[in-house]
Amino acid sequence: MKQTLFKRSLALLLVLVAMMAARQVVAADFQANVQTDIKVFRDFFAARFPEVKFADYANGVYAIDADACQQWKEIEEFPPYSIAVEDGKVLFEKPFANGKTYTAYFQNGGVVRQNYPYYDEKKGTVVTLEMAINECRVANGEKPLEYKGGDIAKISAYMAFISRGKPVDVKVESEGAYKAYMKGKEFFYAKRGQLNMSCAGCHVKYAGGWVRSEILSPALGHTTHFPVFRSKWGEIGTLHKRYGGCSDNIGAKSFAAQSEEYRNLEFFETVMSNGLSFNGPASRK
Amino acid sequence: MDQLHENKEKTMISRILFVAALIAVMLSTGELSAEVITTKVLIEQADAARKEAASIGYEWRDTASLITKAKEALANGQEEDAQKLARKALIEGQQALEQGRLMSKQWEIYIPKS
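If you're matching them up, the sequences are chains A and B in order.
Each position in the first sequence, counted from 1, maps to that position plus 158 in the working numbering.
Each position in the second sequence, counted from 1, maps to that position plus 284 in the working numbering.
No lab work stands behind these hints: they were computed from the structure.
Note that CB positions come from ideal geometry on N, CA and C, so glycine has one too.
The reader is advised that the hints may include incorrect statements.
Unchecked claim - Here are the simulated EDC-like pairs of lysine to aspartate or glutamate, each with C-alpha atoms no more than 16 Å apart in a straight line:
1. A:Lys363 / B:Glu392
2. B:Lys397 / A:Asp195
3. A:Lys337 / A:Glu234
4. B:Lys389 / A:Asp187
Claimed, not checked - Partner residues are not named here, just some residues of chain B that face chain A (Cβ under 7 Å, in silico):
5. Glu343
6. Trp344
7. Arg345
8. Met387
9. Trp391
10. Tyr394
11. Ile395
12. Pro396
13. Ser398
The task is simple: from the sequences and hints, build the whole structure.
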């Protein structure tokens with residue numbers, strides 16, 4: 159009698175250990191798969207642009223186009239985003255109606271750009287910096303801001319500015335995070351719209367090539383320097399505004415800024431840029 | 285005189301027969317009334333295809349506005365324009381759907397190989 163009980167407990171223990179081991183393997187697989195993806199992605203660009211230093215991918219198209227880079231450097235002496243950064247600082251420090259400020263919500267005086275995007279286990283979704291800014295507002299009884307430009311882009315620009323140099327290091331450690339990552343990855347590689355083009359088509363396969371008057375930037379480093387002041391927009395705008403523009407250009411219906419689709423896409427693109435440094439805001443054509 | 289009269293009658297009869305035949309042909313092919321229904325149905329089909337494509341995340345940029353324009357043209361009695369717009373929207377909706385179905389199966393083939 160005692161023996162069977164012992165045997166049973168032992169069997170149960172073995173099963174439990176096996177289950178835990180299986181879970182460990184799965185968790186390790188997420189990391190391993192993502193690491194492999196990152197390596198393949200980087201290797202592709204290293205082969206395409208052997209002369210470009212890895213860190214320079216944070217500069218977008220200017221990493222691969224020497225002429226444009228020279229012009230850009232001249233612009234950077236009086237960067238057009240500096241007013242947005244100053245406005246952003248004022249907005250960031252201004253108390254809400256309840257007397258509190260963003261600093262109570264964002265630690266480290268707002269030097270947190272590097273903590274976004276991340277997969278929030280409780281919410282079961284990817285949280286971006288812009289989304290967190292609005293969550294902070296709502297938690298303090300303020301109205302959320304419109305996501306494409308204006309004040310949210312200014313606040314985001316200020317936070318990016320004070321976080322410059324922090325490393326991109328987005329983690330994909332859980333099943334939920336991996337699913338969001340995979341959705342972003344699928345979005346990135348799948349062709350859409352009347353032109354039947356994918357993000358990867360232009361920003362991986364044809365990176366360095368010309369589209370009308372523009373050279374296509376490598377996707378590696380795409381998310382490090384946002385928000386961006388574009389001369390075409392005449393103002394500072396968010397990453398998701400740019401995503402919307404690119405969707406539109408291929409004749410696909412764009413998704414809303416901060417939609418789950420674009421947040422997953424940002425998550426994937428940022429994971430691909432792990433190892434670079436955040437260097438926003440930036441200026442672009 | 286009589287002969288002339290008879291001839292006139294003959295032409296009359298043949299004319300009537302001709303018109304009757306024409307009406308019969310038109311009714312049988314439904315040319316007269318069916319056009320209105322077809323355009324309406326086309327618009328509905330286009331919108332259904334658009335929605336289905338949207339449900340898998342593949343709606344195209346202009347499909348919805350094509351449908352709106354088709355509806356407006358139909359309401360203004362611009363039958364031919366409405367047909368054209370609705371057809372274009374339907375093709376867009378169907379192609380978007382096909383694109384989405386294909387992509388969900390084969391998106392991974394576009395990943396660069398190591």
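Quick rundown of the hints versus the structure:
The hinted pair formed by Lys363 of chain A and Glu392 of chain B meets the criterion: a straight-line CA distance of about 14 Å does not exceed 16 Å. Distance restraint check for Lys397 of chain B and Asp195 of chain A: the Cα-Cα separation of roughly 10 Å lies within the 16 Å cut-off, and the hinted pair is therefore satisfied. With a C-alpha separation of about 39 Å, the suggested pair Lys337 of chain A and Glu234 of chain A falls outside the 16 Å cut-off, and the hint is violated. Taken as a hint, the Lys389 of chain B and Asp187 of chain A pair is broken in the structure, with Cα atoms around 23 Å apart against an allowance of 16 Å.
Interface restraint check: Glu343 of chain B against chain A, minimum CB-CB distance 4 Å, threshold 7 Å, status holds. At about 6 Å, the closest approach between the beta carbon of Trp344 of chain B and any beta carbon in chain A falls short of 7 Å, and the interface hint on this residue holds. Taking 7 Å as the C-beta contact cut-off toward chain A, the hint placing Arg345 of chain B at the interface holds, the least distance being around 5 Å. With a cut of 7 Å, the hint placing Met387 of chain B at the interface with chain A holds, because the nearest CB-to-CB distance is about 4 Å.
Evaluation of the Trp391 of chain B hint against chain A yields a held restraint, the C-beta minimum of about 4 Å falling below 7 Å. For Tyr394 of chain B, the interface hint holds, since its Cβ comes within 7 Å of a Cβ in chain A; the closest pair sits about 5 Å apart. Hint on Ile395 of chain B holds. Least Cβ distance to chain A is approximately 6 Å, under the 7 Å limit. The criterion of a C-beta within 7 Å of any C-beta in chain A is met by Pro396 of chain B, whose closest approach is roughly 4 Å, and the hint holds.
Taking 7 Å as the C-beta cut-off, the interface hint given for Ser398 of chain B holds, the closest approach to chain A being about 4 Å.
Against the hints set out earlier in the document, violations occur for numbers 3 and 4.
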